[in-house]
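2 protein chains.
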Amino acid sequence: MSILVVGSVALDSVETPFGTAERVLGGSGVFFSAAASLLAPVRMVGVVGDDYPLGDLNFLAERGVDLSGIEHADGESFFWAGRYSYDFNSRDTLETRLGVFADFKPRIPEAFKDSRLVFLGNIDPVLQMDVLDQVRSPEVVVCDTMNYWIEGSREALISLLGRVDVLMVNDSEARELADDHNLLRAARWIQERGPKIVVVKKGEHGAILFGPDSIFFVPGFPLEVVFDPTGAGDSFAGGFMGYLASVESPTGEDYRTAMVYGSAMGSFAVEKFSVDRFKNLEREEILERIRQFKEMTTFEHQLQGSNV
Amino acid sequence: MSILVVGSVALDSVETPFGTAERVLGGSGVFFSAAASLLAPVRMVGVVGDDYPLGDLNFLAERGVDLSGIEHADGESFFWAGRYSYDFNSRDTLETRLGVFADFKPRIPEAFKDSRLVFLGNIDPVLQMDVLDQVRSPEVVVCDTMNYWIEGSREALISLLGRVDVLMVNDSEARELADDHNLLRAARWIQERGPKIVVVKKGEHGAILFGPDSIFFVPGFPLEVVFDPTGAGDSFAGGFMGYLASVESPTGEDYRTAMVYGSAMGSFAVEKFSVDRFKNLEREEILERIRQFKEMTTFEHQLQGSNV
Chain A
41 MSILVVGSVA LDSVETPFGT AERVLGGSGV FFSAAASLLA PVRMVGVVGD
91 DYPLGDLNFL AERGVDLSGI EHADGESFFW AGRYSYDFNS RDTLETRLGV
141 FADFKPRIPE AFKDSRLVFL GNIDPVLQMD VLDQVRSPEV VVCDTMNYWI
191 EGSREALISL LGRVDVLMVN DSEARELADD HNLLRAARWI QERGPKIVVV
241 KKGEHGAILF GPDSIFFVPG FPLEVVFDPT GAGDSFAGGF MGYLASVESP
291 TGEDYRTAMV YGSAMGSFAV EKFSVDRFKN LEREEILERI RQFKEMTTFE
341 HQLQGSNV
Chain B
41 MSILVVGSVA LDSVETPFGT AERVLGGSGV FFSAAASLLA PVRMVGVVGD
91 DYPLGDLNFL AERGVDLSGI EHADGESFFW AGRYSYDFNS RDTLETRLGV
141 FADFKPRIPE AFKDSRLVFL GNIDPVLQMD VLDQVRSPEV VVCDTMNYWI
191 EGSREALISL LGRVDVLMVN DSEARELADD HNLLRAARWI QERGPKIVVV
241 KKGEHGAILF GPDSIFFVPG FPLEVVFDPT GAGDSFAGGF MGYLASVESP
291 TGEDYRTAMV YGSAMGSFAV EKFSVDRFKN LEREEILERI RQFKEMTTFE
341 HQLQGSNV
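Protein chains in written order, with the numbering used here: chain A, 41 to 348; chain B, 41 to 348.
The shape of chain A in the complex, shown without the other chains (with noise of 0.2 angstroms):
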């Protein structure tokens, strides 16, 4: 089944303690693309710039990725630049300059209208409103936001949230959202707004997923060595509904599923600049992180022990 992700295309600059990487590979949109395509077709919707080193998405094109909805537009390329500090618990970002991007108007080619899996990237709740009103009947939506748009559109936000399925937010935005310090009942707050889950994700602390009925924590992989954060929300994402897109009709078990499948594209996301991970992972080092995930999180529950 293929996945729609509307979202960034974007040039990145970026300084970590380990060095620096300049004009790469970013924005929403590839990030997602550069992990869901390992495991099912990818359609992308975005806009680039007359910068764009289009050549440089071969290789997403090369794994299923349909490229055909990407506008090229006259200008300048989304360009962010950031800094991180030596130890990654802050992000200075030195420049945004949004391009062409600020006047994007998602169009959805005729030809994947008829998807049945659709990711909006973080972009303006009016324009991800507007790419479900050109979808047909689409049946997993996936939705992620910003404190942006959470302050500065909130009721498009909570109108677009009566059409979502899986709200997907890092912790502070949750909050934000729901205005409550409880994470779980900031959850319950958005899942009366119409999404029937709330996935949360909170970096090196892992992720939950918070359902109708049940709720699924994985925790985040650890690394030795974090060498660029960037994009490892879209990352998880696209590893989300990577999953979710090669299973028939997912049940509550695949979304289970789907949260490591997540939180293991996140850390290797990590492990270089900009998605060069992605471009030579292989199916089985997936398959071992998966298996780890497992190995990291099981154990015998003992029911006749002495004195419970």
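Warning: the hint list may mix true and false statements.
Where chains are identical, the list cannot tell them apart; a pair therefore holds if satisfied intra-copy or between any two copies.
What the hints assert, rightly or not - Under the rule of at most 30 angstroms between Cα atoms (straight-line distance), these lysine-lysine pairs were calculated in the DSS-like manner:
# : residue 1 : residue 2
1 : 236       : 334
2 : 153       : 319
3 : 145       : 236
4 : 334       : 242
5 : 312       : 242
6 : 312       : 153
Honestly, the hints are just simulated from the structure, not real lab data.
Position chain B relative to chain A; hints supplied.
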């Protein structure tokens, strides 16, 4: 199997957004014993002053806690007063009076010297070492510490590590001890100095066990209401060791289950003031929470996925 615990026996005055509690039972030894004694027999060593309401410890004696190692000294008991912020993200210490605890020199009663499981609560590492010198042949020594000792008694602490099986600290303590912001590397650094196992507690984000050749992760239990976080870490330790004491010779598998009992007991601790939640906690409630942890972390891994 009995557990020997050496730690503080204190009185706490606590302010939370939900109310206040004045001069209630507190201290690492008390929280530890309240949790552990639900699973195994406990032997307490500590000191109290003239003002301690010893009758309030009766509920511990009634369920198999041997209080004969609690010394009575002239003066005031250890007193701590603190206030939590509305979102529990920060805690202000309003007052600390060490009282008789300032001159505490743990004396292990003859009848306790055959203890095979020892929990060294957060006290001066010189005293923790002194405790180990008095116990004949401990099999599992679990040790807590804090930034105060890491900074001020570094040499004594590192020397102690050589005789510790499990170091149990929170994430900031692990990072500071190893002087490494990366938790995995910090754990490896600590393991090289003695402890085969490092347990890192991360509050609401759960806890990680770094073993000789495996890692295990347990989430924090999601609660709609956190009433009073005081003592959650020591209650975690109590659940962890209580479970270990309930099996004959703990295996790697038992350590994993112990982590889940730790997280469960930590989650019960915060539901009421002081040790109140442990007073009437039923066996069936504990088992139900363990089942919920299982439910929150179990996933099926389909190796035969269509694309993977």
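Those earlier numbered hints the structure runs against, lowest number first: 6
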